[in-house]
Structures are given as structure tokens and as C-alpha cells.
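Reconstruct the complex from the two isolated chains, following the hints.
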Amino acid sequence: MMKTQPKGLTILTVISVVLFLGAILMVFVYAPLEAVMNYVQKIFYFHIANAWVGMLGFLAAAVSGILYLVRKDLKWDLIELAAVEISLVFFSITIVSGSIWARPTWGTWWTWDPRLTTAAILEMIYVAYLLLRQGIEEPERRARFGAVYTIIGALSVPLTFFSIILWQTIHPEIFGAGGSGSVGSFGMTPPMLLTMFYCLITFSFIFVTLFWYRIRLGRLSEQVEQLKLKVME
Amino acid sequence: MQIQAAVNRSQPSSYLKTIGAIVWKDLAAELRSRELLAAMLVFALLVVIIFNFAIELQPALRLTITPGVLWVTFAFAGTLGLNRSMAIEKDRGCLDGLLLAPVDRSAIYFGKAVSNLAFMMIVEVIVLPVYALLYNVNLFQPGLLLTILLGSIGYVAVGTLLSSMAVQARTRDALLPIMLFPVVLPVLLAAVKASGGFLQQVPMNTIWPWLNILIVYDVVFTAIAFMVFDFIVEE
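Quick mapping for you: the protein sequence lines, in order, are chains A and B.
Residue numbers 1069 to 1301, in my numbering, belong to the letters of the first sequence in order.
Residue numbers 162 to 396, in my numbering, belong to the letters of the second sequence in order.
The shape of chain B in the complex, shown without the other chains (with noise of 0.2 Å):
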């Protein structure tokens, strides 16, 4: 298994062809089901219909508030998809059938990575438009969006490794979350900053530090889960 691992490892066409082929198997179980969207994005839309009772999002206040909604409603749903997304793995026995599998590892967390960020994006997708509608605010800017993508890409590549890890332990639901939003803090603020940055319409110069730490976050945890990955699923 380790030889062919390492082979895999060499042929980079192959280890795409993983990442692929556990992508398609999530989407495709995803669209015959669709248990674990529906769930997020019913949980999504409550979340920001709570937050207008909550908060009064008057007109005035809008702009400044609307970003923090926004991305605590991501950072929710978020948990909700990442702790199903795995549990469905674990109690279906798929994820013993795919480490059986002879690839690469690491192949198995970025496949689920990227179903989770296709995941994540989906809800996004339909969540902006509706806020926009329900509160009349325009969140249709290109600097917005990639502040999303840039900060969705950070919370799914630990979200994903931590919830590999959750769903191994006794209290699994409960954990993801306490363990997840310490660690993903500087995802949260930064992406929260950035965005009510692009919405104000600041000047550039004062939103790229945080869409530095969003990169330089999204680039250490991916390579870092990348390197202890193996650990979490070795039996």
C-alpha cells in the first residue's frame, strides 16, 4: 500500500483523479439525498431570520452589522455541514472503505475539503442573494466574493482535519464547534473585517492586511493538514 501510495504520489494526473472521484462520490451522493444542503441551508436562512429579531438591522446600521451576520451564519452552517459530512463517513463505514483504498492519504482530505467548500459555497450561493432581497443591501462586489471564497476556503481546510478528528470521539457533534472557532479566529475576524471593508467601500489599502491574513491563513493550515492528516485516520 505504501509503494502504491508513493506511485500515486509521483503521478500527479492520479492524485487529482482522487480528489476527483471523492468529490464526485460526495456530490453525487449528495444530490440524491440532499439531506445534508437542506439541513445547512434551512439552518442558514433561520439563522439570519433570528438575527433580524435579534438585532434591529435598521437601515442606518445595515452596512457595519451585515457582515458579522453574514459570517456567523457561514461559520454556523458551516459546523453543521462539516459534522455531517463526516459522520455520514463514519457511521456508513465509508470512510473504512476508503482508506482501503490504495491512495494517497492526503488525496481522501482534500477530496473531502473540496466537497465540503462546494458545500460551504452552495449555501453561500443562496444565502447572499436572499439577505440581499430580505434587507436590500447590495452584496453583489467582486472584493466581497473573493473575501468569501478566501475565507471559506480557510474554515473548510481545518474545519475539515477537525471534524476527521471529532467524529472519532465520544462527544462528536458537541466538539466540532469548541474546537473549530478557537482556531479559526483569525479566519472569522479578518473575513468579517474584509468584507465590511469592500460593503463601506474603504480605501484598498486598508483592507489588504486583512485579505493577507486570510491568505496566509488558507496557505499554512491547507499545507499543515496536508502534513498531519495521516495521523488522524491511521489505525
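Pulled out of the complex, with its shape left as it was, chain A reads as follows (with noise of 0.2 Å):
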């Protein structure tokens, strides 16, 4: 009844893992140092890649969400819980590493910014669609719920950005005009640019492979349960 390891889950597993071990070495060793973060500034090719997989697993749980209430497949439920978990990790890794980076470049931890809160409070989200599910036994309602919670997370979240973003705002705007103004920002040589494509390219393979492994895991999950019933009888 259990299937082994399908064969392009195996293959994506070992491009991603080349594919992280090249990262390192583009990040260390290929993209030149930044005249004033020095090292600090390397945190960055995998910060921002971070935060680019919990993008990714947000939106994917939102659109999960919406389809699972459309279609009304627990299938879509696995899909939804999956990426809301992957991208609760990436999130966290994110906060952490911009705390890291903001200690030398800002001189603090942390900052009430835009992005940082957001991050946070997207955390706070999750973390509160997980309890929400931990305490509905019923399958199909707990789908229906989490569905219900991850389009609400996903409408908020937007409006709990720009409304931050009335604030003033330091983080560093590595993209577009804004840069030269904020602490910490930095012009992006070509090298630099290269590596962080390559860092997102790579996190997104990662990204696929997990989102594989877990969405795999629930369903043998779900049948461990089924077989257990069956025992039982």
C-alpha cells in the first residue's frame, strides 16, 4: 500500500541540495564584499531569499484556501496546511536573519518597520491558524475554518502593511528609488545581483521540494490513520 519515494521528488531533492551548496559558495566566494557591512552583508543573499519562500508559501496557502472552499477537496486543505507551515520556517528564518543584520547595520535588533512587523504579525497569524485547528477534531470543518482564516490572513495582511507603512520607514529599499536614503542600503554591483537571483532561484527549488515532502507526508499520514482503522476492526 505505501509507495516508495516517487523518482522526481528524489531528483528535485539532490538539484536542490547542488543547488544550495553552489548558493554557499556564490554568496562566500564569488559575490565581491560591500564597501561598508563588510561580511554583515552576506546575511542578505539568504535573508531575502527567506523571505521570498514565505511570500511564496503565503500566497500558495491563500490560494489553497480559496480553492479548497470552491472545490471542497481535503486535498486542497493538505496543500494549504503545507505551505502555511513552510512558510511560518521561512518567516521565522527571515526575522531572524534581518535581526542579525540589523544589529550591526541599524544598531538595534529591531525596528518597528513595515517589512518587520508585517513579518511578525504574519507569524502571529499562522501561529493562530494552527491553534484554530488544533482545537476542531472534525476534518472537513477544520478545512473549512483554516480555509475561512488564511483568506482572512491573506486580506489583512496587505492593510497591516501599507498601514505601517504610514509610519516613517528604515528599512533599506534595495530596490528602486528610495535606497540611497535609508541606513544599511547598499548599490548592487552585477555580481551581487547575480547571487541573488541564483539565492532565489535555489530557495524556490527548496521551496518545491518541501512543499513536496510535506504534502506527501500528509497524505501518508492520512492513510497510516485509515490503516489503523482498519486494525481496529
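Keep in mind the hints are simulated off the structure, nothing from the lab.
Hints are not guaranteed to be accurate.
[To be verified] A partial selection of chain A residues facing chain B, derived with a Cβ cut-off under 8 Å:
1) R1212
2) I1220
3) G1221
4) I1233
[What the hints assert, rightly or not] According to the in silico footprint, chain B covers these stretches of chain A (three or more CB under 8 Å from chain B):
5) 1080–1086
6) 1194–1205
Glycine is no exception: its CB is placed at the ideal position from the N, C-alpha and C atoms.
Below is the structure:
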């Protein structure tokens, strides 16, 4: 009954590992040192890649929430939970790596900057989501409530972001014109840009791999539950 | 039932009548028991008193701290009210009765939301003069009252939806604030900023962005609650 690991997943895992090793080399060997921040700036490549994966997971969760309510297929609930869990982990890495970067650059571990605060609020929403799921036994109702809550969360997060943006921001604007003003911003040379995009691609692969693993895990644990019920009979 | 619901949707007057009936039921029940309002009010006043000791409400700082104190009070008392209002429905089996009624389910949502809003505003109407009296701050400014109305609408729109999910979970009372506060943050932030703006009489063009956020939030979340409420009460 249990299937062995699909070939595609194995290949994807190998690709992710190789890409990740490449990313470490790119960041520490290929990318030049930033003039002001030196080695501290190196964390930027993984910081932004983690944030990117967190955003992917956030979008995937909202989309699968909508799809669940439309289709009523528990498959989408599984995908939604997987997306939330992955996003939760990657956003916490983003926040921690951001703090490590902020300490030497801004002289503080934490500021109430829009992106930082929104990321923290998003984490709270995910934790609330997991607590909500924990409190409901019936799978079908749990799926409905979870889907509704991800949609509410997905709508409120942009509003949270815009309302905090009305306060002054000191987060470095890496892209766009606002850059030179804020502390810790820097001009990107082509090798830096290349390293950044390489990291984004690498982490996208890691995202897909983890996503696949997590969905597979969900399916397998469902099968285990069913087998348990059979044994009990 | 679905045909009936469709008929109701096409007749605005009966849809409004349903909402009115639910609001009337809640207010009448509250008038007899007074348990919900009493709890909310005492709690709100206690929060105000605790704030007096927790942060020194010195005359010089009062205008800048007042909006924060007020909104924390409203938000905390609000969750108390939302929890009770839904728990009463759930525990006494009223919710099942409402759901069996041949009415559009979104009308049930609006009915509950309107009565929750009424409870919250009654609490605010009592807390505001008491606060003004205790701390000698003039809170009777049309702009401030408008902000409080807009903020309460957004808070209740999401709160009613989430509390009807929370009562169906095992950890219900603890769950509501955890679910509600992170998603209602734009309302609290904008309401505190706008209230502070009116109290300190800053120019209107710096207050408008906050009022806009409140209006957008109210519209978006009332609409989304209208769309998804069916999924929450569906059995």
C-alpha cells in the first residue's frame, strides 16, 4: 500500500542540495564584499531568499484556501497546511536573519519597520491558524475554518503593511529610488545581483521540494490513520 | 431551503426584516439578563483604572496616550462581548435554531454583527464620558466619535465572523483574541492614529489616510464575511 518515494522528488532533492551548495559558494566566494558593511552584508542573500519563500508559501496558502472552499476537496486543505507550515518556518528564519543583519547595521535587533512588523504579524496569524486547527477534531470543519482564516489573513496582511508604511521606514530599499536615503542600503554590482537571483532560484527549488515532501507526508499520515482504523476493526 | 433563501435574497425588505429580528432578539435577551453588557462594562472600566496605575496618565502626556488607552479598552472589552454573544447562541442551541430557519444565512451574520456593534457602542458611550470625567479630557469631538464608529464596525465585522468559528473549537475563549488581534491590527493602528489626530487637532490631511484605511477595511471585511459566513455555519 505504501508507495516508495517518487523519482521526481528524489531528483528534486538532489538538485536542491547541489544548488544550495552552489549558493554558499556564490555568496562567500563569488559575490564581492560590500564596501561599508563588509561580511555582514552576506546575510542579505539568504535573508531575501528566505523572505521570498515565505511569500510563496503565503500566496500558496491563500490560493489553496480559496480552492478548498470552491472545490470542497480535502486535498487542498492538505496543501494549504503544508504551505502555512513552510511559510511559518521561512518567515521565522527571515526575521532572525534580519535581526542579525540589523544589529550591526542599524545598531538594534528590532525596529517597527513595515516589513519587519508585517512579517511578525504574519507569523502570529500562522500560529493562530495552527491553534485553530488544533481545536477542531472534525477534518471537514477544520478544513473549512482553516480556509476561511487563511483568506482573512491574506486580506489583512497587505492592509497591515500599508498602515505601518504610513509610519517612517528605515528598512533598506534595495530596489527602486528610495534606496540611498535609508541606513544600510547599498548599490548592487552585477555579481551581487547575479548572486541574489541565484539564491532566489535555489530557494524556490528548496520550497518546491519541501512542499512536495510535506504534502506527501500528509498523504502518508492519512493512509496510516486509515490503516489503523482497519486494524481496529 | 435553498429556494427559500434565494427568494429572500431577492426581496430586500424580508432580508432586512430577518436582520432586524435577530438584532431585536439579542437586545431583548440582553435587556432581561444584562449579563453581557454588565460584564463588558465592568471589565472596560477596570481596564481604564488599571491603565491609570500602569502608566502615569499625567496631564502633559494625556492627549498622546488617551487614544491608545481607549482602543486597548475597547478591543479587550470587545472580545469579551463577542465571545459571550456567540457562546450564548451555541450553548443554548439557539444557533441550530437560527440555522434551521428558512432565511439567508448571511442575514444571520449581519444580525449578529449589528447586535455586537450595538453592545460595543453602548459600552463606548458609557466609557467615553467616564474617561473624560476621570481624566479631564474633552472627548466629545465629532471626528473622534466618527473614528470610534468606523473602528468599531471593522472590529465587529471580523470579530463576529471569527467568534462564530472560535465557539466551535475546543479552546474557544482563549482562541478568539489570538485569532482576532493579528488580523484586526490595521483597524487598531489606524483608529489610534486617527483618534490621536483629532484629540491633538492636527491638520485634516494627516488624518485622512487613517480614516481611509478604516473605511477600506470596513468595506472589504464586511464583504468577505458576507461571502464566507455560509462556510462557517454549514453542517
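- Query: Among the hints numbered above, which are violated by the structure, and what are their numbers in rising order?
  - Reply: 4, 5
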